[in-house]
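Engineer: Sequence:
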Amino acid sequence: MGFKLSTLQILPAVFLAGALYSCGVEQSQPNVLLITLDTTRADHLSCYGYGKQTTPRIDAIAAEGVRFDAALSTAGITPMSHASILTGLNPYRHNLRVFWGNAGHRLPADVPSLPEILAARGYDTGAFVSAYPVSAAYGLDRGFATFDTGLDESLAELDLSQQQKHDSHWFDGPRSSTQRRGDQTTDAALAWLDQRGKEPWCAWLHYFDVHDFSIVPPAAFAARHGITYDPTISPRDPDAREALYDPELNFIDTQLGRVFDALKASGQDENTIIVITADHGQGLKDGKARHGWIKHRLLYQWCLRVPLILRIPGQAPGVVKNQVRSIDILPTLLEALDLAPPAPVEGASLLALARGETEDTPRLAYADALNLVDTHSPKRGLPEHCIDNLFCVSDGRWKLIHHGQHPENSELFDLQNDPLELRNLAASEPQVVARLRTFLTTTGAMEIRAEEAGEEDADSAARLRGLGYVGD
25 MGFKLSTLQI
35 LPAVFLAGAL
45 YSCGVEQSQP
55 NVLLITLDTT
65 RADHLSCYGY
75 GKQTTPRIDA
85 IAAEGVRFDA
95 ALSTAGITPM
105 SHASILTGLN
115 PYRHNLRVFW
125 GNAGHRLPAD
135 VPSLPEILAA
145 RGYDTGAFVS
155 AYPVSAAYGL
165 DRGFATFDTG
175 LDESLAELDL
185 SQQQKHDSHW
195 FDGPRSSTQR
205 RGDQTTDAAL
215 AWLDQRGKEP
225 WCAWLHYFDV
235 HDFSIVPPAA
245 FAARHGITYD
255 PTISPRDPDA
265 REALYDPELN
275 FIDTQLGRVF
285 DALKASGQDE
295 NTIIVITADH
305 GQGLKDGKAR
315 HGWIKHRLLY
325 QWCLRVPLIL
335 RIPGQAPGVV
345 KNQVRSIDIL
355 PTLLEALDLA
365 PPAPVEGASL
375 LALARGETED
385 TPRLAYADAL
395 NLVDTHSPKR
405 GLPEHCIDNL
415 FCVSDGRWKL
425 IHHGQHPENS
435 ELFDLQNDPL
445 ELRNLAASEP
455 QVVARLRTFL
465 TTTGAMEIRA
475 EEAGEEDADS
485 AARLRGLGYV
495 GD
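The opening position of the sequence shown corresponds to residue 25 in this note's numbering, with each subsequent residue numbered one higher.
These are calculated hints, taken from the structure and not from any lab test. Model, not experiment: these values are computed from the prediction. It cannot be assumed that every hint is accurate.
Pairwise CB distance ranges, derived in the manner of DEER restraints [claimed, not checked]:
1. R145 / K76: 18 to 24 Å
2. E408 / T256: 28 to 34 Å
3. T385 / R145: 29 to 35 Å
Glycine residues also receive a C-beta, built at the ideal position from the N, C-alpha and C atoms.
Start from the sequences and build out the full structure, keeping to the hints where you can.
Structural biologist: What follows is the structure in structure tokens.
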């Protein structure tokens, strides 16, 4: 894998934790810091080879830890993807499958999640999230003793036209009824971390900034990147979206720098496992040029490939080229903590790969986009061939996007020779299609409990539409 084992690396993380101290207090288990960057493409982080220095503070963590170069998400939509990160399950198993609809829009209470597992073992748990799509409305708050969204609830009763005006156009302010800026999330997280005692803690920090320019960084920060906020520019303008994407990512990076500095100053850095990942990517203008879509939701690599960085104190740094999945995060953390999951998970620990060991069988990655049964799927705006329920399976080289209602539109890409997914080989490689499609049939991934989308309450609809999820 391009790196060698160190003496410390072969020691279990739980052994290392016993010898470390947080703020001078002996602690039996390491802390866990899970960071999720909403709508963040791996290829826009400088540690992943991007030509611009967007993420120097994340890069420093990557240099101390293990960077996974081919990590795939389970969905191009925020709630479904985060449910997989927190449970180690694919969407057809955890059953949070749509933004809203009869197919399932809330994590069921009987599905164990990371904070519940750790809280039952004495961990303090806190979540500091930045947008409505990861709120309690989706059941993602379960297990967190502190669940801080920071949303401005005084704006929740605005009518839809007012809310869209407020939430979707160059708002240089700290928060709205649908999201808050990264510095506000960081302030809340740092206040909580400063109050931790001797018990180990698990914190989830979620940043939404790069998703859109509903809320933007302070004008002075933007000016350093050559950005001037112009209310005459449409929030749909692709050039404006593209120009702000990297500066907003850099703004998140500066906020994470505050967190990393605080951990180091308190001595907790040496006893904290850090995971940095994203829920999904974004099409941007190259996604539009290649596949006709500038946002997310679809199942091409610009949407599914996410950063994944794992830093365990005492473990040697390295890079893993194997395909891995976001469902591997939970079992990885549990193994590092010497804990067993309370129920079977579909993910598998990454610690062996991180140590440089090899795997004989590739990990199959799954993702879906149920565009026909999601109330907020932009059915009239999607590329015509994607107005379907889409199911993806990838073995690292071959990637199938099966179209449920119109199998004749299914796509097969050879990622090794066609990483930009420009040549559909489904017709010329039927055996590969059949092999990958077997996963879909044997797992029941294509079994959907609803044939059409359901209706939601007005408040939820208004908030999601304020974020640009407009449905039909």
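Engineer: If a hint holds in the structure, say so; if it does not, say that too.
Structural biologist: Status of the hints after comparison with the structure:
no., hint, in the structure
1, R145 / K76: 18 to 24 Å, "violated, 41 Å"
2, E408 / T256: 28 to 34 Å, "holds, 32 Å"
3, T385 / R145: 29 to 35 Å, "holds, 31 Å"
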